[in-house]
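Please construct the entire structure, taking both the sequences and the accompanying hints into account.
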Amino acid sequence: MTTEKTILLVEDNPADEALTLRALKKANIASPVVVARDGVEALNCLFPAGPNSPLQKLPQVIFLDLKLPKLDGHEVLKRIRADVRTQLLPVVILTTSVEDADRLEGYRLGANSYVRKPVDFSEFANAVIQLGLYWLVLNEQPPCVTR
Amino acid sequence: MTGPVLIVDDSLTVRMNLMDLLSTAGLQTVACSSAAEARQALAGNAFALVILDVLLEDGDGIELLQEIRGMPSGGATAVMMLSTETEVRDRVRGLTRGADEYVGKPYDPTYLVGRARELVRRRGEGASSGQETIVLIDDSVTFREELKTALEQARYHVVVAGSGEEGLRLAADVRPSGVIVDGELPGIDGATFIRRIRLDAALRGLPCFLLTGSEDRSAEVRALDAGADAFAVKEENVGVILARVAAMLRSASDQSARGATTSLQGPKKVLAVDDSETYLQQLADALRSEGYEVILARSGEDALELLAVQQVDCVLLDLMMPGIGGRETCRRVKCVPAMRDIPIIMLTAVEDREAMIEGLSAGADDYIAKSSDFDVVRARVLAQIRRKQFEDEHRTVREQLLRAKYQANEARTALEAAETRAALVEELKFKNDELESFSYSVAHDLRAPLRSIDGFSLALLEDCGENLNEDGKQYLRYVRESAQHMARLIDDLLALSRVTRAELDRAEIDLSSIARSVAERLARAAPDRQVELLVVDQLVANCDGRLMTIVFENLIGNAWKFTGKRSNACIEIGATGENPRTYFVRDNGAGFDMSYASKLFGVFQRLHSAAEFEGTGIGLATVQRIVRRHGGRIWAEGEVGCGATFFFTLESSSRGGTVTRPMPGAAPMNSHVNEDVAA
Chain A
77 MTTEKTILLV EDNPADEALT LRALKKANIA SPVVVARDGV EALNCLFPAG
127 PNSPLQKLPQ VIFLDLKLPK LDGHEVLKRI RADVRTQLLP VVILTTSVED
177 ADRLEGYRLG ANSYVRKPVD FSEFANAVIQ LGLYWLVLNE QPPCVTR
Chain B
88 MTGPVLIVDD SLTVRMNLMD LLSTAGLQTV ACSSAAEARQ ALAGNAFALV
138 ILDVLLEDGD GIELLQEIRG MPSGGATAVM MLSTETEVRD RVRGLTRGAD
188 EYVGKPYDPT YLVGRARELV RRRGEGASSG QETIVLIDDS VTFREELKTA
238 LEQARYHVVV AGSGEEGLRL AADVRPSGVI VDGELPGIDG ATFIRRIRLD
288 AALRGLPCFL LTGSEDRSAE VRALDAGADA FAVKEENVGV ILARVAAMLR
338 SASDQSARGA TTSLQGPKKV LAVDDSETYL QQLADALRSE GYEVILARSG
388 EDALELLAVQ QVDCVLLDLM MPGIGGRETC RRVKCVPAMR DIPIIMLTAV
438 EDREAMIEGL SAGADDYIAK SSDFDVVRAR VLAQIRRKQF EDEHRTVREQ
488 LLRAKYQANE ARTALEAAET RAALVEELKF KNDELESFSY SVAHDLRAPL
538 RSIDGFSLAL LEDCGENLNE DGKQYLRYVR ESAQHMARLI DDLLALSRVT
588 RAELDRAEID LSSIARSVAE RLARAAPDRQ VELLVVDQLV ANCDGRLMTI
638 VFENLIGNAW KFTGKRSNAC IEIGATGENP RTYFVRDNGA GFDMSYASKL
688 FGVFQRLHSA AEFEGTGIGL ATVQRIVRRH GGRIWAEGEV GCGATFFFTL
738 ESSSRGGTVT RPMPGAAPMN SHVNEDVAA
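These protein sequence lines are chains A and B, in that order. Read in order, the letters of the first sequence are residues 77 to 223 in the numbering used here. Read in order, the letters of the second sequence are residues 88 to 766 in the numbering used here.
FYI, nobody ran anything at the bench for these hints, they're computed from the structure. Owing to the predicted nature of the structure, the values given are computational and were not obtained by experimental measurement. Backbone N, C-alpha and C fix where the C-beta goes; we use that ideal spot for every residue, glycine too. Treat the hints loosely; a few may be bogus.
[Unchecked claim] Far from chain B by the CB rule (all over 10 Å, computed), these chain A residues:
hint, residue
1, E80
2, L134
3, T171
4, E181
[Unchecked claim] In silico EDC-like pairs for lysine to aspartate or glutamate, Cα to Cα no more than 16 Å straight-line:
hint, chain 1, residue 1, chain 2, residue 2
5, A, K154, A, E181
6, A, K102, B, E388
7, A, K102, B, E549
8, A, K101, B, D372
9, A, K143, B, D532
10, A, K101, B, E549
11, B, K516, B, E497
Take a look at the structure:
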């Protein structure tokens, strides 16, 4: 369990959550997925206040939606990058929006990738598979910053 | 001053008298007795003023006047004609030939000197404009000279007078920047002098500095009472007096307005019109003794002719005269805007109530019986001139007030317009922001459910497919197709709204390379298609490159799509004509029915069924918006089964030309547009 690479999926739409999980399953990516359903929950996962925190260690990658209840995706990203323990954590923005302003703000705040969720599930599944392969298998994490 | 005064008169008496008068007034003189002498003098010197007799032994003064005006520097010299002639026609002749003043003999010395000074000052204004003139009035020569020297060292131009009366005349003539007057003077004293200055509409703003004796407290109080701006004790150090004078001149406001109206103390001109020679002479003598220049006319016709060229301050007009008579003369004068303000006093031989009413109804300002004493005439003339002066002043003040009011109004209107504009801009910005967030919601929130519809339809097909029959599977495929089509619709609508909002970023853009790269992308996406692509090189236009890419994506994309069922597909991109250059994208595809041409560019307008050719019906609307944002137009030609050509321009042609859609080759319309652009 301790060596397993986990994914933090920040997504408020249960349908999108189900589709993402299905796509990951179809890609044979077995990594555990922790789901946070708003920005505050996402931050709680990363910076646990108590021993009941579901995360024992930091995830391998965060899939972050932008439009979220309570705290939006940009704000979550800003706080992740502001904390020395998470500032190098790979964050992929996975969203419906392709507005220039959103993309610019995402990269400016330090997102590692920006991926638009396609409507066509085949394309969407393909995107998730590639993301999983890249961030969980190919990509080497930066050396762990000791807590 | 630009030079001395040249006196040309064959009478020695007149010459001596004029030289005497003018040198007393501080003017340098040169005297000549004939036209020949005068020509010699004029050839060698520059004169500020020429006083010229009309009748000379060896020639005509008016001819000499014309020679002076013909000289290279002739415009800079003032000319005063002096004549014993009483003929109105000579006066008119002199004034129309360029004389600045025409004085009749016998002349009033005060008037002549006053006018001479005025003319010299006017000509010399350019030269001495940097220097401030001060009139210094004191009967003590020693003190006067001491103060004059000190003032001149302080770079003031000083004119001196020995009495209050002389000082008043000087003030009217030279229009100084300030007056220094002694409290104790023979004749009118300093306080009276200042009071008179304050009563004169043209001079009342003149800063007055009063000098008092050391123990003369009451004189000082009287002087301040009379309206002095500053005062000093005569025993005071000259430096202190200078400093106070300078301070007084500094604080004197509205310097530029000085000289706008003529002074009561200045020389005045009266036109007397009567057919009775005796009465006319008596009247002239009586007025000349008061210092008026009197011009005589013997009929209404003469008077009118004269008034056309000669400015006068008052007209005395006999009611009963041969010819057009006093009443008609009066009426005609009052009809002319430039003359209607000249006061007219009607004269009549009899104390006749009827005649009086008749005269006044013709527009006369006053009415005097000829039997009256000349003192009465003088008093009435003075009263009329004074009234006119105050009217002039009031008019000036009123005009200034009106102008100020008008300017205030204009400023307020401009401010209101600016505020309205600001409010509109604010509102527009608000609406744009609203539209922005609306578009954002559409993009984000409408697509998410579509993804679910598509995703779960596929999940159903994959996971539960064995429980569905072929129809059920087909239904799910329709669901997915619809969801994907709607996703494209949303994307295209967003692109359309973005095109409208985006700032136009114009630059020199190579349209040929844009067209080629768009076509290459299409070819890569459909490697099995065989399409001949002809792109003319060097299609360079001043436009927004990003938006033009969208234009070509749509136009070439359409061409690509509609040639899909053709084996020898060909797409051609080029340009025709100049001013404005017309670009085109031509294909040999499915074409369209020209009767639907007007519908091509509407949103959601499609001329083909979805089964035939897929599409959202938004692309051409987007293209049209881009073209219009560039100030250009777009139109299309086509024939079913024979292809279509889309033409567009990127510069504004004549306004209002957007309604008509001229076909290429429709020469009259095109050439008309060309001319407009070229102009």
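Verification of the hints:
no. : hint              : verdict
1   : E80               : holds, 27 Å
2   : L134              : holds, 28 Å
3   : T171              : violated, 8 Å
4   : E181              : holds, 13 Å
5   : K154/A <-> E181/A : holds, 10 Å
6   : K102/A <-> E388/B : violated, 118 Å
7   : K102/A <-> E549/B : holds, 11 Å
8   : K101/A <-> D372/B : violated, 128 Å
9   : K143/A <-> D532/B : holds, 9 Å
10  : K101/A <-> E549/B : holds, 13 Å
11  : K516/B <-> E497/B : violated, 28 Å
In the structure shown, a violation is registered for the earlier hints numbered 3, 6, 8 and 11, in ascending order.
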